[in-house]
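Chains as they are written, first to last, in the UniProt record's numbering: chain B, 1 to 443; chain R, 1 to 443; chain Z, 1 to 443; chain F, 1 to 443.
If you're looking for bench data, these hints aren't it; they were derived computationally from the structure. Mixed in with the good hints there might be a few duds.
Which copy is meant is left open, because identical chains are indistinguishable; a pair holds if it fits in one copy or across any two.
Here are the simulated DMTMM-like pairs of lysine to aspartate or glutamate, each with C-alpha atoms no more than 20 angstroms apart in a straight line [claimed, not checked]:
no., residue 1, residue 2
1, Lys209, Asp63
2, Lys420, Asp24
3, Lys132, Glu93
4, Lys177, Asp125
5, Lys129, Asp35
6, Lys266, Glu223
7, Lys227, Asp267
8, Lys6, Glu355
Number of protein chains: 4
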Amino acid sequence: MSTENKEFFPDIKPIIYNPQASVDDVLVLKHYNQDEIILGKPMHEWLRFSVCFWHTFRGLGADIFGAPTFDRPWDQQFDSMTVAKNRLRAAFEFFTKLGIKYFTFHDRDIAPEGETIEQTEQNLDEIVKLTKELQKQTGVKCLWGTANLFANPRYMNGAATNPDAHVFAYAAAQVKKAIEVTHELGGENYVFWGGREGYMSLLNTDVRKELDHLAAFLRMAVEHKKKIGFKGQLLIEPKPKEPTKHQYDYDAQTVMGFLSFYGLDKDFKLNIEPNHTTMAGHAYEHDVEMCSRYGMLGSIDSNTGDPSLGWDTDQFPMNLRDCAFIVKTIITQGGLAPGGLNFDCKVRRESTNLEDMFIAHVGAMDCFALALRKMARLFEDKKYDALVKQRYASYAQTDIGKKIEAGTATFEELHAFIKKNGEPAKTSGQQEKYEAIFNRYLD
Amino acid sequence: MSTENKEFFPDIKPIIYNPQASVDDVLVLKHYNQDEIILGKPMHEWLRFSVCFWHTFRGLGADIFGAPTFDRPWDQQFDSMTVAKNRLRAAFEFFTKLGIKYFTFHDRDIAPEGETIEQTEQNLDEIVKLTKELQKQTGVKCLWGTANLFANPRYMNGAATNPDAHVFAYAAAQVKKAIEVTHELGGENYVFWGGREGYMSLLNTDVRKELDHLAAFLRMAVEHKKKIGFKGQLLIEPKPKEPTKHQYDYDAQTVMGFLSFYGLDKDFKLNIEPNHTTMAGHAYEHDVEMCSRYGMLGSIDSNTGDPSLGWDTDQFPMNLRDCAFIVKTIITQGGLAPGGLNFDCKVRRESTNLEDMFIAHVGAMDCFALALRKMARLFEDKKYDALVKQRYASYAQTDIGKKIEAGTATFEELHAFIKKNGEPAKTSGQQEKYEAIFNRYLD
Amino acid sequence: MSTENKEFFPDIKPIIYNPQASVDDVLVLKHYNQDEIILGKPMHEWLRFSVCFWHTFRGLGADIFGAPTFDRPWDQQFDSMTVAKNRLRAAFEFFTKLGIKYFTFHDRDIAPEGETIEQTEQNLDEIVKLTKELQKQTGVKCLWGTANLFANPRYMNGAATNPDAHVFAYAAAQVKKAIEVTHELGGENYVFWGGREGYMSLLNTDVRKELDHLAAFLRMAVEHKKKIGFKGQLLIEPKPKEPTKHQYDYDAQTVMGFLSFYGLDKDFKLNIEPNHTTMAGHAYEHDVEMCSRYGMLGSIDSNTGDPSLGWDTDQFPMNLRDCAFIVKTIITQGGLAPGGLNFDCKVRRESTNLEDMFIAHVGAMDCFALALRKMARLFEDKKYDALVKQRYASYAQTDIGKKIEAGTATFEELHAFIKKNGEPAKTSGQQEKYEAIFNRYLD
Amino acid sequence: MSTENKEFFPDIKPIIYNPQASVDDVLVLKHYNQDEIILGKPMHEWLRFSVCFWHTFRGLGADIFGAPTFDRPWDQQFDSMTVAKNRLRAAFEFFTKLGIKYFTFHDRDIAPEGETIEQTEQNLDEIVKLTKELQKQTGVKCLWGTANLFANPRYMNGAATNPDAHVFAYAAAQVKKAIEVTHELGGENYVFWGGREGYMSLLNTDVRKELDHLAAFLRMAVEHKKKIGFKGQLLIEPKPKEPTKHQYDYDAQTVMGFLSFYGLDKDFKLNIEPNHTTMAGHAYEHDVEMCSRYGMLGSIDSNTGDPSLGWDTDQFPMNLRDCAFIVKTIITQGGLAPGGLNFDCKVRRESTNLEDMFIAHVGAMDCFALALRKMARLFEDKKYDALVKQRYASYAQTDIGKKIEAGTATFEELHAFIKKNGEPAKTSGQQEKYEAIFNRYLD
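Excised from the complex, chain B in its bound form (with noise of 0.2 angstroms):
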């Protein structure tokens, strides 16, 4: 039965922009207006959204104490390429309709795996071939591709850091096809979120040869990068634990601290994912800024975790006050480029209305323009980043200040400084007066 030209979602029609829109017309966009210029630049080269594969058409509605939920028109009863070829259109239907211009993949989410490594990379070609049609016919691009390293029981011990190296000689053979298709498919990065490189039990194991054979594994992967002539940036996605107990790639500064001591920090930036972020026990924002003062931020798996849960619950971006802290350490460092936000985001396994899916992207982006809209306030302002410079004025503007920051000053200096000069003055932080004109932008 041929299905190329079935239309997925015919009860849903293009997604607009509608300022006025009702309070309840929550498939119009009325803050996400694509072009529309903020700050110099139209919103989508600022928000760059990306639709993920695997939450929106591979997910199901299965938890760990449930069956599927749900019923999805393009999982009927053909065979397994049939399929992933029809839920690869109902995907590019989906981001037309949605007006998203990029999506992300795993290797693993877009075909399916085969009986060899051969009939694997087979599947995955003809899939990539359609998927290339697919982009040329809707203009869709690829923000980013990995490979899915953590399902197959084959990694349950790891992948690059699996005690077994002929596991690591597979998970090697895994991730070169993966860069490769990602080159292919004109990917702009290449993503590692390394979901089984950690440990389950500290009496089981060796970490210290695991992280080495980690850093090993990444070297190689830049080598291959090379030699393909791939361009896209390399992005480690940090979480602290999930699955596995202890994952290595913790948080922000862990992960770039590894990057420090194996001399990988010129090859590898970070793709940071905020709910990953609060499961570390940091605010949402605490990586994102933290790696983007170091030049590090590279992408955003823009979602949201519960604070009141300790598992990752990969929710929509809904909370205006959240979106706005990235949106300002996205305006601060001048956008994201070559990476974007990426809804790694599942509807939960209760919303089984397809229309549920549109809904919930289409709350997402307009609670990201809401808060790039408040936020190009707060910049054309001035007033709010004058109020943080002049916290550190003595930096800039006294002798002692600038030899500090020069490397000149020495303890005994700073001794005799303290000798002349006795105690500083209290200063203080201010902190509810920024919350309070913080929220005034918000307002």
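Given the coordinates of chain B, work out where chains R, Z and F should sit on it, guided by the hints.
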């Protein structure tokens, strides 16, 4: 030296409402216009703001790792009773300039403990006299009083739950006086927060005995209240932990269950502090909603915690979304009176300027006021409420549903119903739709 | 193909007790000697171990990020009823080789759901028949049964708390049958774990209505139990969250309060799972102790979580200290019967060897057995108990203490007592001393 | 009044070792026999216990909700320098009676701050003189010194990370002196714990600037150490939060990464406190193991937190299992010298008896001693270690494994290997087996 007419905040003018306030005019109320009618009542009746005496006039910025940082003009080196009076005058100047109509206090906040119980009570009486005068002069009223049963070393092993009956008796003597004093000041409620009513270690604790003693204590309080003719509402404030490892009044449901078990549920309602709610692992709004739906929400200690920190930070509520949830429940139950929104918050230890005290309260008042304006739209609109009702329509509209609610259905009957009617239809929970609509009201 | 006499664990010999077992003879019991008399009863009566069917015979090692990893010889590609029977035979072989006298099950664990409720019940009846035969052959008994009201998509929005009365009715029909089946198998208890009885978002939920429905449901269960003459104990198992954001049966105190409020406290006791207790923010032993002291501890799902993880890991209890706390409570209340220590645990996803199933159970049995031996010393010694009693002696030995406990004291009388007697003496809580002594018993 | 010869603990006799101690002889060491040879070294060399001055001699039982509870005989109402000296004498009496050979201190613990920096340094010098005498008399040595850069209000916004260069300078002046004093006292290490080096709010913070300043500060410390000829090890102590919302030295990996990035990894090692490790969301033993495997474990602040509490409780380590994990790492790296096991612990606020100080230390010493005896068996046996090595054997024994470790393998080569060799075998991780064996050693 006479300080009776001293102005403690000479640099601060009375806070006014100005909807055109600039983003950094943080000593101006942009949203809270106390007498403006919203949903049929003035804003101040919906919100019933209160300043807490302890954090705002006794807090000095000490934390467990550091010394006090605040230099307050009312804490000069006079004798303790003179300082207590100055502090009280400063407080009423603060309430008045801020335009807040209520305050709350612990017995030990306002008057120093003496060498003997007689001396302590005499100090308290003297201060109460001045308080009444200041209330009369300013019109500021007492939302509630309470006894501090946690700071004095005598209570280190608990007050009403102390293993030593002598300490229990001391707590009883103290609460007796505190209720009387609250009555004297026209307090509209009286609060029990059991700061040390819990355990540090199960190894040395008989939890049942301690809870039985706690119930006995509360029964005596009810009796005493009746005896002296105090008409105020008695309230229990849940908190899960800190300073104890486990506090018996863990959260709203625990306290409501305790009250039911011990037959005290007609005599007490709850005072919910959202920072305690989040420490108990719940969503910010959970306890407020939970006890409101059982008719048990008496008052709110409106503050916020930090979801990435595990202790009580008592921050000023500055998050519109959180405040909107609280206001939604308040509107649903028709108001909070005789309870209120008590700012049980402290400026950060680093916020050492006197004006920070005002900025923080203004920011929080405005945040709630804006939330009230937004939620008023939601209630006027009726769309949102209709959506929720529709979800449960089967209980109102089908025979089987009505029987279930009436308590007349049996397993056998329901079994027969399923044999006849088979599988229920699948109904989306539409969480993202609710979130998106809620966001539209917050725009 | 007949598999009636197939041995599923041919490589595993019956587990024996040998106190001289070498450190790595992990298929030998070093401490659990079932018939040995400890404190007047055989070990197996104190500990009443049970194997759970779901994790041990239905769990396949899938997690939310990965596919199943276990290849079980009983899960061959026969029709589903044949597989169900093989699995059952494997289970009884396992129970017998392990020497555990009880098992627990969900209705859906043991028999597959059919197309219709009639088919489902017929499947269940057929399997129950075989189960009874196997029980008779082996002497293994049923500790408790329960209904799975969380895996099927129909329950995604709740079972007894579903917004749709039709789903409520389905749950009722299912529980009716599950109680009958448990009765048929001689189950000594019946458990309610409300896996989806909670909310995902307060925005779309009427919590009061849902809780009223839950109470109505439980009342029907009590009625039905009486009608069919089932004498087993009804149990509720608290859990704070997962899969829902907030589960109504949050923890022991919440459930006890709910039962009191709705007048159900005479008909139900609690089944406590320590992994749920720690997820609720309490100490491992908290809920067990809390409900035991109120006469409400019915049974224990003896497992452990990981304090650094925020989800239910259902690990085997391997920590002597934790087990000792549990055993201490069990001894204090004189035993757990008709409840037991049900190993609601799963081997790790990476523990793919068949022998891992045995090793895990043996390790946990030995851990509890050692705890029992150590705690027996503590009880025989009587020193520890005397210490705790002495802490509360003032309530038994002084007039004021006796009056407080009798409920005849008043605030006025206690106030007078303090005026006369002044400050209480300072008494050390001696936590470290209790810890040190407890450690000496664990040496 | 002369207090030079006063005995501060007249009721406590020197603590002795007696393996036959009764369960409640908690002032006797049952396991720690300092000179007994274990694995070729005396116990005291493996364990290198140290008493911390701050908690044990400056802590008074205050917490954030309550006043001090301890009445210490050395804290009489003399002038502050006399009290400081008495306290010091009491401390050395305590060390000696306890039989602990090391102590640790902050500059401000031992000597009071004066009005000026000159006065402060003079106080310190005077106290250091007495300390040296007491060290000489008793043979007790200094494990490490440190500067208190968090208690004084001047540091409320940070010390080396303060927005004000004047405060940075003050911190430098203070650390200069603290290192000199530590050198004078023969300190074997010097510790940096950055109690206020972090942020309270990202809204008012430039994290990059602050971290750059922190690195500059540490570089000056290295320079100064060399200049004065101090040979002790410099150590950084990670902590994730408290008192700040986010502390830059979050955990072991974060600190190691920071040191790598800023080129400081040759000059610093880490001082790990397990209570901080668990606050960062890791297993108790995680940070100790993590930095040991990178050769960066310098010393341990051996205490414990409470997994159900979100703040630093600094409890005495009384859990054999936890101590065993720590000891396993110590033995693996061949010992901790020049670091040690510093009891950075405080008796509970309710433990007000003087003897509680001894009981707590004895309990913890015994817990570690027993752990050492148990782990010695594990190391002598060699079975456990062989199991772990075997898990990673493929890297030592196969060509592909060797090439991966040598850094000479490529993705292409590994891809070819998989094409040739196909799927790896499934290997159980056997976590429960490791746990069971580990438990056998703990029996």
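Okay, the hints, checked on the actual structure:
In this assembly of identical chains, Lys209 and Asp63 lie within 20 angstroms of each other by CA distance neither inside one copy nor across copies; the values are 33 angstroms within and 26 angstroms between. Taking the shortest Cα distances, Lys420 and Asp24 never come within 20 angstroms of each other, neither inside one copy (67 angstroms) nor across copies (37 angstroms). Within a single copy, Lys132 and Glu93 get their C-alpha atoms as close as 14 angstroms, which meets the 20 angstroms cut-off; across copies the closest is 55 angstroms, which misses it. Proximity of Lys177 to Asp125 under the C-alpha cut-off of 20 angstroms is restricted to the intra-copy arrangement: shortest distance 10 angstroms within a copy versus 52 angstroms between copies.
Proximity of Lys129 and Asp35 under a CA criterion of 20 angstroms is satisfied in neither setting, with 30 angstroms inside one chain copy and 67 angstroms between copies. For the identical chains of this complex, Lys266 and Glu223 are intra-copy neighbours only, at 13 angstroms inside a copy versus 29 angstroms across copies, given an alpha-carbon limit of 20 angstroms. Proximity of Lys227 to Asp267 under the C-alpha cut-off of 20 angstroms is restricted to the intra-copy arrangement: shortest distance 14 angstroms within a copy versus 38 angstroms between copies. Taking the closest pair of Cα atoms, Lys6 and Glu355 come within 20 angstroms of each other only inside a single copy of the chain (17 angstroms); across copies the shortest separation is 51 angstroms, beyond that limit.
In summary, the numbered hints that this structure violates are 1, 2, 5.
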